Every structure is written in structure tokens, then in C-alpha cells.
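Engineer: Using the hints, position chain B against chain A.
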Amino acid sequence: MPQLPESKQKVKFYQTGTFTVGNRLLEQDQRTVQATIDRSNSLDSGHRACQGCGEALGARFAIDAAMRATNNQLIAANATGCLEVFTTPYPETAWSIPWIHSLFGNAAAVASGIAAALKVKGRNDVRVIAQGGDGGTTDIGFGCLSGTFDRNDDVLYICYNNQAYMNTGVQRSSATPAAARTATTQPVGDEPGNVFNTGKSVPLVAIAHQIPYVATASVHDLHDLELKVTRAMQIRGARYIEIFVPCPLGWGSLPGDTIKIARYAVECGMYPLLEGEYGEITAVTKIRRRVSVADYLKLQRRFAHVFKPGNAHQLEQLQAIADRNIRRFDLISREGDI
Amino acid sequence: MLKQIEGSQAVAQAVALSRPEVISAYPITPQTHIVEDLGMMVKSGELSPCEFLLVESEFGALSACIGSSAAGARSYTATSSQGMLFMMEAVYNASGMGLPIVMTVGNRAIGAPINIWNDWSDSMSARDAGWIQLFVETNQEAVDVHIQAFKLAEELSMPVMVCMDGFILTHSYSQVDIPSQELVDRYLPPFQPRQVLDPSAPVSMGAMVGPEAFTEVRYLAHHKQREALKLITEQSAEFAELIGRDSGGLLKEYDSAGKETVVVTMGSVIGTMKEVLAGMREEGHSIGALTVRSFRPFPIEALQEALKDARRVIVFEKSLAVGMGGILANDIRMATRGLNLEVHSVIGGLGGRPITRANLRRMFEKGLNDQLNRIHFHDMRMDVVNRELEREKAQRLSGSAAENILSDVGMVAAAKTI
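If you read the protein sequences in the order shown, they are chains A and B.
With this note's numbering as the guide, the letters of the first sequence map in order to residues 1 to 338.
With this note's numbering as the guide, the letters of the second sequence map in order to residues 339 to 756.
Be careful, since some hints might not be right.
[As the list claims (entries may be wrong)] Capping the alpha-carbon separation at 20 Å, the derived lysine to aspartate or glutamate pairs in EDC-like fashion look like this:
#1 341(B) with 384(B)
#2 590(B) with 669(B)
#3 646(B) with 584(B)
#4 568(B) with 579(B)
#5 119(A) with 536(B)
#6 200(A) with 125(A)
#7 308(A) with 295(A)
#8 562(B) with 669(B)
#9 121(A) with 523(B)
#10 731(B) with 717(B)
#11 341(B) with 598(B)
#12 121(A) with 536(B)
#13 646(B) with 579(B)
#14 646(B) with 669(B)
#15 381(B) with 150(A)
#16 119(A) with 565(B)
#17 121(A) with 384(B)
#18 200(A) with 295(A)
[Claimed, not checked] So the derived label-pair ranges between C-beta atoms look like this:
#19 38(A) with 551(B): 46 to 56 Å
#20 298(A) with 560(B): 51 to 61 Å
#21 387(B) with 282(A): 29 to 39 Å
#22 317(A) with 538(B): 29 to 39 Å
#23 697(B) with 184(A): 46 to 56 Å
#24 328(A) with 377(B): 58 to 68 Å
#25 552(B) with 169(A): 17 to 27 Å
#26 35(A) with 551(B): 31 to 41 Å
If you're looking for bench data, these hints aren't it; they were derived computationally from the structure.
This one's a predicted model, so the numbers in the text were calculated from it and none came from an experiment.
No residue lacks a Cβ here, since even glycine has one placed at the ideal position from N, Cα and C.
Chain A extracted, bound-state conformation:
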């Protein structure tokens, strides 16, 4: 197993009483790519994402970080979805990198093809990213994704997980959490919202492919996101990063709450941040200030029914899922480990 670069920053960002991660506390070389004057603006302004879109934020940070890590030698393949639609319709494009959209379910395979072309042409300096939403990744693109992992093609696949098919009007995907309201899992009947004990964790599935690097990240911790992308680009072979990206439109949340919701998802245990290498989980981000699942859900109308009389069992079940994650991935800081 090759020695991988250290991804965790030594500096602790937080100050007492605030969650702000301040660039001003850092040395120049530790600041985010977005804070630098030489950022590539790969995903430029003028696109049509909604206010508070987590995906636009995640993509901008991820791709710019990848650009810096590859000396701007990057090609991206994009699945059909919000990111594709809000960044393009011809003749406009918000992408300042070579970018291709082919289909909903084939971004990973297209990226594998690009990587093969670059290899045959001896362009080892040019790297390839595939990206898509959770629908294009965990459902319709799953076969191609698994193929890219299986062959260990030199592709970083980034999934922007907003937990439903937002582009088509908020329908359930296999990344939609239990109890969530979507257009196809309405809050009606005895078990309102998405049914429990369904869905899949593609990060864990990716780890099971024994690929060199897998990580989950969240748009509330952009330093961590950039570091994970940077680390991924320092590795050859198939890599997978899933970024938790709240969707104000689909989740019924305030645009201004996107970062808060993303943080709560991690801090309540619902969305564990982890890294895996060659089939093993190698790092988890400890929960620093635990919040309850209710705190996280309350900010989103897609879970409003959970708080209605008679649905308390749903809230309990959701809390149990978070508790299990905390146990399973050892997410709570031990004493002195902050």
C-alpha cells in the first residue's frame, strides 16, 4: 500500500463560542483555494443554481481544489442533473475547464474513456473527474460507477449528494433518508415519507471495491472538503468523494441555513465524515458538539411530519439511525481528543 499524504490539518480552526472557520487565522498556504487570488474559477459566476444551493458551493470548492492539485490540467465528465443544467444550456457555460455531459447514467464510464484516451496519448499530467448528483450516482449511474471502481481507472468520481432527484422535481433516490418527504414519498399514511430500512451507502459500497481512496465531505467544512479533494488528486486509480450538499428547494429549508444544516447533519451523526483506503475505513471526523437529530430535522420542511402528533416513533427511529452511526464509526470524541 503506497504511503498517502496526510489529509488532516494540524491547525484547529475553531474559536471559543463560534463555529466559524476563519482563513484569517491561517498561514497563506493553509487558506482555502477560494481565498486565494489564483483560484481557477472553474465553475464561474452567472450560473442558474438556486439561492443557497449546496451543490454549486460544493462543486466550486471541489473542482477548484482539484485544479490547483493538478496544475489546472483537468477534464470533467458530468452526469445529467441540476449541476449540468444550471451550469450550461448552450450557448452559455459556467465551466472554464474542458467539460462534457453525455447522459444521466454514464458519467463514470465517460470519464474512464477520457482517462484511457489520455493514457494512450501519454498525457499523464491531465487528470479526470466525473461528477453527478445522488440519482446519477447511486441509482442510474451505479453500474458504470462500479465498473470504474472495479477497473481502478484513474478517475475521481464526486457525488454531490442532496438526497433526491432535485432536477426533475424532488423524487426519491436510493440516497433519500428514511422519513424524508419527496414527490414520490409523500408524508401520508401510517409511515409518512420515505420508508425505513431502504437505500444504500455508496461510500461504503465504494470502500468495498477496495479502491485507493474514498471520502465523505460536507459543505459546512470547506477546508476538509478541499483537503480531501487535494488528497484524492495526489493518488492514481479510482477514487470516490461524496459531498453532502443541502438543497433548499427540495428540503424546504432556508437558503441561509444551508451551511448550518450541513453541519448539523454531521454533528448529529446522520452523515458521518469518513475516509477509506483500499477497503478499510482509515479516518473519521469526530463530532465536536453533538446536536440531536431533531435539531437537524427541524430546519427542513421535508421532515415536518416527523414532529406531528402520532409520528414520534419516526423521530425515535431516526435518532436511532444517528446513534448507530455514532457507535459504528466511533464518531464521538473521547476525552482530550478535540
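Structural biologist: Just chain B now, kept in the frame of chain A:
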């Protein structure tokens, strides 16, 4: 160099001579031998530089070619039957983006009922997908047309399907001349894409186009295909001059000029027909044949010219538009509008049903005697069909029609021997 080899092996060698840079493939009978051979050539270093991707599905296979072609690499894949249907979304996408991928289709039936034998249902299902579709008669043509296909595809920025009858060609051994690398290199220049994914000149490919331009984009594809009619003729002439063999072109006439009855078909079946028709001509019948080599684009003008003196056309095809009839036949009817022609649609060879000299002769004689219906199902057992129809009338839970019919074929055959 003349070699006694399998059709698939010959195609693999022709593809290798064309210097593909990326090959991706998923196994499906009867295409497998082609990509197996190519895989060996890549692994041994005989074909280099080339990347060989073993993908998880046909959808992945063509999608990988979309990526590699968009990144400027000459790209190749091969498929058949269900595989073609499984990649269909990417089939349309590749042509829509103008990516000059070459794909061999080892023509095979589509299920259900599952059937691995030859007919043209797979290629026909992609008829309107914007790919050029070239049908070949022999393995020699398969070799030559593959080399021409890369040149044609890249000149037009349009993908090309080379359609060859599964098993009949892919798995048959014959004497094939494999051109030298030097000749192929002289014929086929390196791939120069119209648009390429390159960090030094970033472009966005495959973005959305709305109603304001979609018609024009689609029309351009149609326009290019009509242009291809000229290019196919030119490039096959160029090939003939260099290699010394006329293997491509829009259509090929087999003593059809001035004949009262002309049989029109595609692919390998003309091999059997030629013999039957020669015999019938010796007996004094005015009957010839022609094959359509370029099914898409469809050579309307060339067909009008070739059929201008005919009175009767018998279109023989291994494909069926269920609920309508013959697919090639309808195209021929459209192409020959204005000519004083009786067009008969004959559908045969479905799912590998043998097409023999004897049953062809019977069918042609019917044609000459004006006994063919407008749609005729060649060598079909109507008695077997009727038994199933009666069964379905008699009982609601009549079971699997396919299974019943297969049982009946045996029973009817047994009854006849008694």
C-alpha cells in the same frame, strides 16, 4: 495477405490495422471473438498504443468510447442484439455529439423469446439513431468496410456501424485478404477531431439545446448523412484504387440491370440468392438482384437509377416492424415512388431460420407468378401459428405462446411423418 480465417478474426485484424487508440467491449454472442482477438493483440503489444477497457455493460462500453472519442482518441467497440438495446441511449448520444466511433454489430435477433441467432433486429432498432449503417456481404467486405468506416466516420464526425450477419459471417472461415499496414496507413490518416476535450483550450460538450436550435442541429445530422452518400462512393473508389478491391459503395448490383424482377436485400444472404437467380436466369427468367450496402444513409437516387427498368421488386429482409411489415421494404417503396413498380415485402431468416436455395427458389417463383402478397413471411409455418391462435381462443390461461409454438412445431412435424 491471403489468410484462411474466421470472420471475427478478420475483422479484429482490420480494426487493428486501423490503429484504434481505445477499445472498450462487453461480451455478447456472436460479437465475442472480435474483441477477444483485439484484447489479445493489445495485451501482446501487437496493437500499440491502445487501451483496452473491459467494461461492466454495453452501456458502459459505448459510454467509454464517447469519453475517449471526445478526448481525441480513435475509438472502437462491438456489440450484438440485446447489447445494442442496452447501449441504445448512448447510441443516440454518440451520434448527437458527432463522435466518430466505429462499432461492429454482429447482427442477431432480439428477445423475448431469447434467441442468439442471426437477423437484423438489432441494427434496425438503431435505424434512426443518426449512425451510418453499412451492411456487408462477405468477410472480405467486412475487413475492407471496417477500414473505410474509420475514414468515413472521422471525415464526417459521425459514428459508423458495420453490420455483419452474426454467425453466418462472424463465425465462418473463409479466405480473406488482409491489407498491409502500409496500405492502410496510406488510406487512413490519423484522427483529427473537430472538437476535443483539452485543458489548453477548454470547451463544454454535450450541453442542452432548446427548441430554438434543436431542429437545425438535427437537420445538420440529416444533411451530413445525405452528404455521406457522395463520400461513401468516393472513399470506396479510393480504397479500390489503393487496395484493388471494390468492397464498399452504396449498393451492389448482381445482374439487375434491365431485369423485369429485381430482388433487393442486404448482408450475406445474397450469397445464396446469387446462385439461385443465376439458375433462374439460365432458364430464361428476367430476374436479378441488388444489395443495399449503405442502409443509413439510404441511397434513394442510386436505387431509383438501379430500379428504373424493373417492374417488380422483391425485398427480402431479416427484420420485421411488428404491426407494419418490412422495414427495408418500406424504405424501398419510399425511394422508388414514381417508378412503375410492384414492391413485395418478404420477411425471412428471423432468429436464424435457414434460408436455403430451395426455399428461396420457391419464393422467387411465386414472385414471378404474381403469387406473392404485399407482405410475405418466408418459410413460415402458418399451420403452427393457427394452432396457437385456436388455443388462445379456446382458453384464457393458454400459457407461453413461444413454448406452445415450439411444442407444436415438434408435434406437427411428428404428425406429418406418420
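Engineer: Between residue 646(B) and residue 584(B), does the CA-CA distance stay at or below 20 Å?
Structural biologist: Between residue 646(B) and residue 584(B) the Cα gap is close to 24 Å, so the pair fails against 20 Å, i.e. violated.
Engineer: Starting from residue 568(B), check that the Cα of residue 579(B) is at most 20 Å away, please.
Structural biologist: 17 Å, holds
Engineer: For the pair supplied as a hint, residue 121(A) and residue 384(B), confirm whether the alpha-carbon distance does not exceed 20 Å.
Structural biologist: 17 Å, holds
Engineer: Go ahead and decide if the range 31 to 41 Å is satisfied by the Cβ distance of residue 35(A) to residue 551(B).
Structural biologist: 40 Å, holds
Engineer: Hint says 46 to 56 Å; check whether the CB-CB distance for residue 697(B) and residue 184(A) agrees.
Structural biologist: For residue 697(B) and residue 184(A) the Cβ distance comes to about 54 Å; the hint holds.
Engineer: Should the hint that residue 328(A) and residue 377(B) are 58 to 68 Å apart at their CB atoms be regarded as holding?
Structural biologist: Distance hint for residue 328(A), residue 377(B) is violated at roughly 42 Å.
Engineer: Regarding residue 38(A) and residue 551(B), is the given constraint of 46 to 56 Å on their beta-carbon distance met?
Structural biologist: 36 Å, violated
Engineer: Quickly compare the C-alpha distance for residue 200(A) and residue 125(A) to 20 Å and report which way the hint goes.
Structural biologist: 35 Å, violated
Engineer: Are the Cα atoms of residue 590(B) and residue 669(B) separated by 20 Å or less?
Structural biologist: 17 Å, holds
Engineer: Does residue 598(B) lie within 20 Å of residue 341(B) when you go C-alpha to C-alpha?
Structural biologist: Given pair residue 341(B), residue 598(B) is violated - Cα atoms ~39 Å apart, limit 20 Å.
Engineer: Go ahead and decide if the range 17 to 27 Å is satisfied by the Cβ distance of residue 552(B) to residue 169(A).
Structural biologist: 22 Å, holds
Engineer: Is the hinted pair residue 308(A) and residue 295(A) satisfied, with a Cα-Cα distance of at most 20 Å?
Structural biologist: Roughly 15 Å separates the two Cα atoms, so the pair holds.
Hint violations for this structure: numbers 3, 6, 10, 11, 13, 16, 18, 19, 22, 24, all remaining hints satisfied.
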